[in-house]
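Engineer: full-length UniProt numbering applies: residue 1 is where the sequence shown begins, and numbers increase by one.
Hints listed in this document are in silico derivations from the structure and should not be mistaken for laboratory results.
Be a bit skeptical, because a hint or two may be false.
[Stated by the list, open to error] Under the rule of at most 16 Å between Cα atoms (straight-line distance), these lysine to aspartate or glutamate pairs were calculated in the EDC-like manner: (1) K50 <-> E139; (2) K89 <-> E248; (3) K273 <-> D85; (4) K26 <-> D85; (5) K269 <-> D85; (6) K195 <-> D88; (7) K195 <-> E272; (8) K166 <-> E156; (9) K89 <-> E272; (10) K91 <-> D19; (11) K195 <-> E274; (12) K195 <-> D19; (13) K133 <-> E156; (14) K271 <-> D85; (15) K273 <-> D88; (16) K91 <-> E274.
[Claimed, not checked] Label-pair restraints from in silico Cβ distances: (17) K26 <-> T162: 35 to 41 Å; (18) S49 <-> Q239: 36 to 42 Å; (19) M65 <-> N94: 39 to 45 Å; (20) T241 <-> R130: 34 to 40 Å; (21) F45 <-> S250: 31 to 37 Å; (22) L111 <-> W44: 31 to 37 Å; (23) A134 <-> P99: 45 to 51 Å; (24) I214 <-> P99: 23 to 29 Å; (25) S47 <-> F7: 38 to 44 Å; (26) F211 <-> D169: 40 to 46 Å.
Think of the CB as a built atom: it goes at the ideal place given N, C-alpha and C, for glycine as much as any other residue.
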Amino acid sequence: MSFNNHFNFNRFVRLFQQDLLINRTKYLLAILGLGLITYLLTYWFLSSSKSSIMNYAENINNLYMVCFVFFMMGVGVIVGTAFPDLIDKIKTANYLLAPGSTFEKFLVQFLLRIGFFIPLALGIFWIAIRLAKASLIPEMINGNQFFNPAVVPYFEYRLLVTREGKLWDTWQILLMIFGFFSYGTYLFAGTTFFKRYALVKTVVISGILFFSCILFSMLLSKIIYSAPRFFDIQFYAFQVTENFDSTEFSLLSLSLLSWVFFLPIAYFKLKEKEA
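Sequences are here, hints too, so could you generate the full structure?
Structural biologist: Structure (structure tokens):
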């Protein structure tokens, strides 16, 4: 089978343009809505946290991180609603019969939901949260404390990985970046498994798997280490490097490699629907 059957650039471009033409209003509203909601929520959150910001300068980094995590949840909703035509049999049949290979259809959704949208979303967050900070007004809080927004630093992505004026270790930064990316590909893959409520079902399954792992760890701790309480988790960790133990290595490996499995799963599940 020739490579042209799997991917043809001109056919891919037409498929990409067709998707943008059909869904341009929906995409535009999603981007504008995401930006507006991000601005409003971050302004409310920062405005309601003025006292803690003034009392503890380091708190602004934590507040920015909380805002970023919730923002990425919103991004996950958009990523997790890829392949919208797979929600029923008729739309699925029409989508799969449309000109274009399975790989091209997979690539269009991957680029729209992850490749192009996530960098755009990061830019939206940067603008929205800086606008929210700029909208804070000087005022007296708690009757005796003056809040001066000029002393609050504007958001920079560097602040997310800075604690007490020091950048995180490289492995921690990689863990956060690839952790978000891998979970995004997990949500992306989930859309090919379920017809209805794919995002909800995918999130529920991830929650079940997470708590199952915790319960399994508790059980092993009770059996192997005779933990005094069932809810205690104990395990042996050894140093991989001077500042890098086996637990940290396992978490980093999971975040770095998970997406390598999720993306092929999404492709082959889509291929299976075409068969």
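Engineer: Indicate, hint by hint, whether the structure satisfies it.
Structural biologist: Verification of the hints:
no. : hint                      : in the structure
1   : K50 <-> E139              : holds (10 Å)
2   : K89 <-> E248              : violated (44 Å)
3   : K273 <-> D85              : holds (12 Å)
4   : K26 <-> D85               : holds (14 Å)
5   : K269 <-> D85              : holds (15 Å)
6   : K195 <-> D88              : holds (6 Å)
7   : K195 <-> E272             : holds (14 Å)
8   : K166 <-> E156             : holds (14 Å)
9   : K89 <-> E272              : holds (14 Å)
10  : K91 <-> D19               : holds (14 Å)
11  : K195 <-> E274             : holds (14 Å)
12  : K195 <-> D19              : violated (20 Å)
13  : K133 <-> E156             : holds (12 Å)
14  : K271 <-> D85              : holds (15 Å)
15  : K273 <-> D88              : holds (12 Å)
16  : K91 <-> E274              : holds (13 Å)
17  : K26 <-> T162: 35 to 41 Å  : holds (37 Å)
18  : S49 <-> Q239: 36 to 42 Å  : holds (38 Å)
19  : M65 <-> N94: 39 to 45 Å   : holds (43 Å)
20  : T241 <-> R130: 34 to 40 Å : holds (37 Å)
21  : F45 <-> S250: 31 to 37 Å  : holds (33 Å)
22  : L111 <-> W44: 31 to 37 Å  : holds (33 Å)
23  : A134 <-> P99: 45 to 51 Å  : holds (48 Å)
24  : I214 <-> P99: 23 to 29 Å  : violated (47 Å)
25  : S47 <-> F7: 38 to 44 Å    : violated (50 Å)
26  : F211 <-> D169: 40 to 46 Å : violated (28 Å)
Taken one by one, the earlier hints fail for this structure at numbers 2, 12, 24, 25, 26, listed in ascending order.
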